[in-house]
Amino acid sequence: MVKKNKVIALKDIPGFVREGDRLWTGGWTVVRKPMAMVWELIRSGKKKLHLVANPGGPEFDLMAGCDCISKTETNYIGHEVFGHPYNWRRKLDEPDGEEFYHDDWTVKTGALRIVAGSMGIPFIPSKSLLGSDIINPEYDGFKELRGKDKKVPRRKVKLMDDPFWDGDTVVLLPALNPDVCLIHAQKVGEDGTVLITGGTFLDYYAALASEVTIVSAEKIVSREEIEKTAEMNKIPGMVVDAILEVPYGAHPTALHNYYDNDPWWFRDYLEASKDVQKMREWSKKWVHGPKDYREYLELLGKKRLKKLCADGQKGYNPEMKRRLDRLEEVPSE
Amino acid sequence: MKKQIVELGYSNLEMMAVAASRILENDDTVLVGTGLPLVSAILAKKTHAKEMTILMEAVAFDCDPDALPFCVADPRAVYKTVWRPTAMEVMGQFLQRGKVDVGFLGGAQVDRYGNLNSTCIGDYNRPKRRMEGSGGANDIASLAGKTVITIAHERKRFVEEVDYITSPGWRCRTPDGTGLVHRRELGLNGGPYAVVSTMGVLKFDRTSGEIYLHSYYEDLGITREQVCEATGFALDTSKASPVGPPFKEELEALRTVVDPEGIFMKY
Chain A
11 MVKKNKVIAL
21 KDIPGFVREG
31 DRLWTGGWTV
41 VRKPMAMVWE
51 LIRSGKKKLH
61 LVANPGGPEF
71 DLMAGCDCIS
81 KTETNYIGHE
91 VFGHPYNWRR
101 KLDEPDGEEF
111 YHDDWTVKTG
121 ALRIVAGSMG
131 IPFIPSKSLL
141 GSDIINPEYD
151 GFKELRGKDK
161 KVPRRKVKLM
171 DDPFWDGDTV
181 VLLPALNPDV
191 CLIHAQKVGE
201 DGTVLITGGT
211 FLDYYAALAS
221 EVTIVSAEKI
231 VSREEIEKTA
241 EMNKIPGMVV
251 DAILEVPYGA
261 HPTALHNYYD
271 NDPWWFRDYL
281 EASKDVQKMR
291 EWSKKWVHGP
301 KDYREYLELL
311 GKKRLKKLCA
321 DGQKGYNPEM
331 KRRLDRLEEV
341 PSE
Chain B
65 MKKQIVELGY
75 SNLEMMAVAA
85 SRILENDDTV
95 LVGTGLPLVS
105 AILAKKTHAK
115 EMTILMEAVA
125 FDCDPDALPF
135 CVADPRAVYK
145 TVWRPTAMEV
155 MGQFLQRGKV
165 DVGFLGGAQV
175 DRYGNLNSTC
185 IGDYNRPKRR
195 MEGSGGANDI
205 ASLAGKTVIT
215 IAHERKRFVE
225 EVDYITSPGW
235 RCRTPDGTGL
245 VHRRELGLNG
255 GPYAVVSTMG
265 VLKFDRTSGE
275 IYLHSYYEDL
285 GITREQVCEA
295 TGFALDTSKA
305 SPVGPPFKEE
315 LEALRTVVDP
325 EGIFMKY
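If you're matching them up, the sequences are chains A and B in order.
Heads up: the first sequence runs through residues 11 to 343, numbered per this note's numbering.
Heads up: the second sequence runs through residues 65 to 331, numbered per this note's numbering.
Any given hint might turn out to be false.
In the DSS-like style, the derived pairs of lysine-lysine whose C-alpha atoms are separated by at most 27 Å in a straight line are [unchecked claim]:
no.	chain 1	residue 1	chain 2	residue 2
1	B	K330	A	K331
2	A	K324	B	K144
3	A	K229	B	K330
4	A	K324	B	K303
5	A	K317	A	K295
6	A	K316	B	K192
7	B	K267	B	K303
8	A	K288	B	K312
9	A	K57	A	K244
10	A	K288	A	K301
11	B	K220	A	K317
12	B	K220	B	K110
13	A	K284	B	K220
14	B	K303	B	K110
15	A	K331	A	K313
16	A	K324	B	K220
17	A	K160	A	K229
18	A	K21	A	K331
19	B	K192	B	K114
20	A	K21	A	K312
21	A	K317	B	K210
22	A	K284	A	K58
23	B	K110	A	K331
24	A	K331	B	K144
25	A	K284	B	K192
Output of the computed footprint for chain B on chain A, the stretches with three or more beta carbons under 8 Å from beta carbons of chain B [as the list claims (entries may be wrong)]:
no.	region
26	107-121
27	328-335
For the record, the hints were derived by calculation from the structure and aren't laboratory data.
Beta carbons are placed, not taken as given, at the ideal position from N, Cα and C, and that holds for glycine.
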């Protein structure tokens with residue numbers, strides 16, 4: 011069954027997510043992350059979320075800093091060359107007594123797990139991880155949860171000799187089926203068909219593997235218009251449950267052909283996230299302060315958003331200076 | 065092309081980027097991680113290996129960027145590509161299918177067998193310093209034809225035993241987590257080929273799988289003794305030879321084309 015009217019508002023997002031849910035956030039580290047939807051989830055006071063995107067970016071660290079999560083299961087969490095994920099790192103380096111678990115994976119094994127989830131199969135073999143501590147039973151970050159938490163596989167991996175050919179031992183990986191998948195895209199058709207440029211990453215598989223998939227986009231377009239870009243469309247509307255229009259919905263991450271990373275955001279956020287108290291003040295101003303996302307964008311200012319504007323041919327802003335220690339002043343009105 | 069010896073000053077980091085780029089060849093298909101590996105691979109592409117195929121795990125396939133990508137998913141990495149696949153195709157298919165000649169990785173600690181740690185410092189279960197996570201490093205070190213590692217040469221980084229084996233070297237972790245075993249016994253092909261540091265280039269003995277000093281940056285005042293002092297285990301330097309400074313075109317490409325802002329090079 012395919013629901014016909016899929017349009018929702020940003021304030022409806024928290025209604026789709028329950029405590030303990032495995033949440034996939036689309037995009038890749040500092041690129042095309044569903045930041046507006048994550049922002050709304052944080053504002054709603056969600057707790058104990060279990061993040062499973064491969065890999066995670068500022069959305070993971072922000073949710074860690076705002077105490078929304080209790081589990082992470084991925085290959086990477088960070089802001090790339092901008093700086094370190096201080097909030098998330100603190101959870102592991104300086105445990106505060108709150109329940110927190112992290113399980114390490116890799117790009118390929120994370121990809122295979124979500125592909126298996128999208129295929130409806132329970133596990134998939136892989137040729138990497140052997141010889142590493144990633145499968146060392148001593149270092150299984152979820153070992154206390156295995157067999158108890160239904161959203162965690164009973165074991166991390168299982169080694170198996172090739173049963174068909176004269177192949178070597180393979181590592182069986184559990185499929186990943188997130189409860190909720192949030193994706194931000196350039197365009198979405200009113201039927202839910204998703205147009206993505208500059209890299210789909212694993213979002214097609216995640217949309218199919220997840221129980222519920224929600225797509226925000228810079229623009230909602232008609233069925234007629236989305237048909238014209240059939241070759242560029244990446245996810246069929248059949249696996250998209252709800253859609254919403256949120257301009258700058260991936261800010262401060264980059265959106266190919268629309269806007270570049272916001273270096274001022276990363277500079278200020280990184281400074282604040284080094285310290286618990288400063289992080290509280292930061293989120294008070296930037297997450298809880300604005301009445302809605304439109305007001306958040308107003309707080310950033312038109313001039314600053316204009317500076318991020320991508321070159322339509324190159325997909326990024328070639329004029330953008332990116333060294334945080336040499337940034338010019340924040341563009342103000 | 066006539067190669068001119070540079071007369072300008074240059075840093076150890078720049079020499080490291082140049083030395084790493086020289087390992088790459090025109091016919092190579094190279095899978096690169098963010099940071100110095102990316103700088104070196106693009107430098108090779110802009111100088112001696114113009115036809116080399118650069119892959120990045122997130123999306124970029126055979127790319128020739130105009131501007132240095134911030135990460136492997138950056139729109140800068142996507143610009144000037146011939147195909148835009150996903151990590152499923154790049155890692156789950158091309159890499160796993162054996163189509164990648166060279167894997168190019170950075171890390172925080174390396175040991176004598178080329179085991180690489182890019183996960184955490186200290187005990188994994190109670191880390192002193194947790195790092196971002198290793199991305200596709202383990203997959204690349206397990207499945208590429210050979211692996212090149214770039215790492216700053218310090219005693220705390222060249223260690224007797226890494227705190228955590230993220231990426232398997234020649235003698236790596238047994239499946240039960242208790243000892244070390246040769247990677248071939250686990251069915252792993254490939255293996256570490258070179259470690260390029262801020263002091264020189266190290267390679268591995270084919271039979272023992274142990275690291276040795278292959279060359280050192282004499283022009284920067286580096287000696288064999290200094291390399292040993294900066295290494296946390298006994299190092300064979302008997303086969304080492306000095307390398308000269310970068311060529312002018314290498315340094316110019318690095319400073320004006322590859323990383324003009326000094327994002328990674330920190331000029």
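Structure-based check of each hint:
Straight-line distance between C-alpha atoms of K330(B) and K331(A) comes to about 14 Å, which keeps the hinted pair within the 27 Å bound. The straight-line distance between the Cα atoms of K324(A) and K144(B) is roughly 9 Å, inside the 27 Å bound, and the hint therefore holds. A C-alpha spacing of about 39 Å is found between K229(A) and K330(B), which places the hinted pair above 27 Å, so the restraint is violated. Taking the CA atoms of K324(A) and K303(B), the gap is about 47 Å. The hint is violated against a cut of 27 Å.
For the hint pairing K317(A) with K295(A), the CA-to-CA distance comes to about 22 Å; that is within 27 Å, so the pair holds. A C-alpha spacing of about 41 Å is found between K316(A) and K192(B), which places the hinted pair above 27 Å, so the restraint is violated. For the suggested pair K267(B) and K303(B), the alpha carbons sit about 10 Å apart, so the restraint of at most 27 Å is met. Of the supplied pair hints, the one linking K288(A) and K312(B) is violated, its CA atoms being roughly 47 Å apart against a limit of 27 Å.
A C-alpha spacing of about 31 Å is found between K57(A) and K244(A), which places the hinted pair above 27 Å, so the restraint is violated. Proximity of K288(A) to K301(A) is assessed by CA-CA distance (about 21 Å); at most 27 Å being required, the pair is judged to hold. Among the hinted pairs, K220(B) with K317(A) is inconsistent with the structure: their alpha-carbon atoms are about 42 Å apart, more than 27 Å. The straight-line distance between the Cα atoms of K220(B) and K110(B) is roughly 33 Å, outside the 27 Å bound, and the hint therefore fails.
Taking the CA atoms of K284(A) and K220(B), the gap is near 24 Å; set against the 27 Å cutoff, the hint holds. The straight-line distance between the Cα atoms of K303(B) and K110(B) is roughly 31 Å, outside the 27 Å bound, and the hint therefore fails. Of the supplied pair hints, the one linking K331(A) and K313(A) holds, its CA atoms being roughly 16 Å apart against a limit of 27 Å. Distance restraint check for K324(A) and K220(B): the Cα-Cα separation of roughly 41 Å exceeds the 27 Å cut-off, and the hinted pair is therefore not satisfied.
With a C-alpha separation of about 37 Å, the suggested pair K160(A) and K229(A) falls outside the 27 Å cut-off, and the hint is violated. Under the criterion of a C-alpha separation no larger than 27 Å, the hint pairing K21(A) with K331(A) is inconsistent with the structure, at around 34 Å. Restraint check for K192(B) and K114(B): not satisfied, since their Cα atoms lie roughly 42 Å apart, outside the 27 Å limit. The straight-line distance between the Cα atoms of K21(A) and K312(A) is roughly 23 Å, inside the 27 Å bound, and the hint therefore holds.
At roughly 42 Å between alpha-carbon atoms, K317(A) and K210(B) are farther apart than 27 Å, so this suggested pair is violated. Taking the CA atoms of K284(A) and K58(A), the gap is near 22 Å; set against the 27 Å cutoff, the hint holds. This hinted pair checks out: K110(B) and K331(A) have alpha carbons roughly 22 Å apart, not beyond 27 Å. For the proposed pair K331(A) and K144(B), the alpha carbon gap of about 21 Å is at most 27 Å, so the pair holds.
For the hint linking K284(A) to K192(B), the alpha-carbon distance of about 16 Å falls within 27 Å, and the restraint holds. Coverage of the region 107-121 of chain A by chain B holds [criterion: at least 3 residues with CB-CB distance below 8 Å; count 7]. Proximity of the region 328-335 of chain A to chain B, defined as three or more residues with a beta carbon under 8 Å from a beta carbon of that chain, is established by the 4 residues found.
The structure is inconsistent with the numbered hints 3, 4, 6, 8, 9, 11, 12, 14, 16, 17, 18, 19 and 21, although it conforms to all the rest.
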